[in-house]
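Asker: Listed below, chain by chain, are the residues.
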Amino acid sequence: MSTPAPLPSLAEASHMIAEGSTTPTALTEQALGRIAALDPRLNAFITVTGDRALAAAKTAEAEMAAGHRRGPLHGIPYALKDIYDVAGVPTTAHSRVLLGNIPTQDAETTARLEAAGMVLLGKLATHEFARGGPTDKLHWPSAKNPWNLDHFAGGSSSGSGSAVAAGLVAMAMGSDTGGSIRLPAVFCGITGLKPTYGRVSRRGVVPLSFGLDHTGPLTRTAEDCALSMQVLAGHDPLDPGSAPVPPGDYLSGLKDGIKGLTIGYARAFNEGAALSAESVAAQEEAVCVLRALGATVIDVALPPMRRMEAAMWTILHAESFAIHQDHLRRTPELYGRVTRERLSLGAFVTGPHYVQAQRLRTLLTEEMNAVFDRCDAILCAPASGTAPALSAVDELPWRKQQPLTAPFNLTGHPAICVPGGFGANGLPLSLQFAGRAFDEATLLRIAHALETATDHAARRPPESWP
Amino acid sequence: MSDTTEADFQALLRIAGISFTEDRYPVMLDAYRSWLKLVEVLDEPLPLAVEPAAAPRLAEFRLEEPRA
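Here the protein sequences come in this chain order: A and B.
With this note's numbering, the residue at position 171 of the first sequence is 171, and numbering never jumps.
With this note's numbering, the residue at position 55 of the second sequence is 55, and numbering never jumps.
The shape of chain A in the complex, shown without the other chains (with noise of 0.2 Å):
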């Protein structure tokens, strides 16, 4: 039997729907055949969702024939990184710890897309707790790059970047506590949008670190991160961390191009990086195409990232060890070993130096505004290069370079991973843009623009694999 073709995009999906070219039960059959073809090489998912997914298609349809469409998802398959909530299927944050957790209640998001009439295929590998690595060995076998199954996929969403890219769905949902979100976007070649902090409810999502955990969308374009952000955006009262704010309008101006923005390109950020020739060369790239789009490209300085460093994981530490420290006291066996040493970690905070940490976190954010003063958006690169072989993959729990995307889990301003082109090994590489707190409408603007003016969004990885 041959595979089926890769899943639309979402608003590729939503006409098809609309024009009746196709319904929720042929996009949901195509999605499982897809996903029965491909995924045993895959590993993406760790459950699938087949029977309800099908029954959830039906509904769609049959309430699409009396004359109720929800709106433009209604009827479309969606999967969630195996830290979200479904009343009635396991979450297991990709861990022996949690075997056997069935919640009663659904993550807010879920929640979101499910009255938005999306139809759930299942649930995605993850790194386990979102803090592991991707050769721990664990209870279900890690994610793999569809680009190359011998590269890392990213992490710790690598079953939502692996899922999207290879075309099992067309959207996914991630968390990123340092990056999580973006780094699987950025080596799957796919788009990827960690919102403002308080955004996007994280109410029934498995913690990591309450205050740097944010919940988003993958797609393969900007549009369709759009088309989740309208769903998923919007003051949740019962999550402390939800910003009371209206939800905002994220389709409206995204095809209004980008001529007038200014663009900071923290060209000083990417030098202190160690990126890739190639890397830089695609940064380069891009800022003379958004020159070309009209935008004004000037060069800006971030704060110190060794600041911001120290800040980022002196609260990282201490609140995953705070989550994780009676199971790791208790059943430490039961955690790979990359993520029971990373969790350990937060052993070593004391005390006055989380509060420092928090501290310094007001200065650093008060600086970041300042960069917002004079640019509407930053450029700067999210990762060294392309996606590293597995066998070099750092797996100490002391990592040797930290995360290029964690900065803005610290100060909470959104940012986006789009696709960026690709390395001489036929990886994808990716550019990195942060916005104005609450102004993921323009990071997505920019987005669109950037993919409409390339064709770094439209190569697709391979289908089959030696």
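Among these hints, one or two may not hold up.
[Said to hold, decoys possible] If we take Cβ atoms under 8 Å as the criterion, some of the chain A residues that face chain B in the derived model are:
#, residue
1, Met305
2, Glu309
3, Thr362
Bear in mind the hints are in silico, worked out from the structure with no lab data behind them.
From a predicted model like this one, the values you see are computed outputs, not experimental measurements.
Beta carbons: idealized from backbone N, C-alpha and C, even for Gly.
Position chain B against the provided structure of chain A, taking the given hints into account.
Answerer: For chain B alone, kept in the frame of chain A given last:
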């Protein structure tokens, strides 16, 4: 002055109630040394008026958009 880093490391693990196998001990001790280096910056004094960030931390931005 004697180096108390390893003794401090052992004490912190004991207080936290966690341990590691012998083969991972040097890796974790090395991680601890890297940690100490990273957080040196947190020992630098900050202005007294600087308060810890609190969630939702971007509260000032709520002023830019009227509440629904």
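Asker: Could you tell me which of the numbered hints above are not met by this structure, giving the numbers in increasing order?
Answerer: Violated hint (a single one): 1; every other hint is consistent with the structure.
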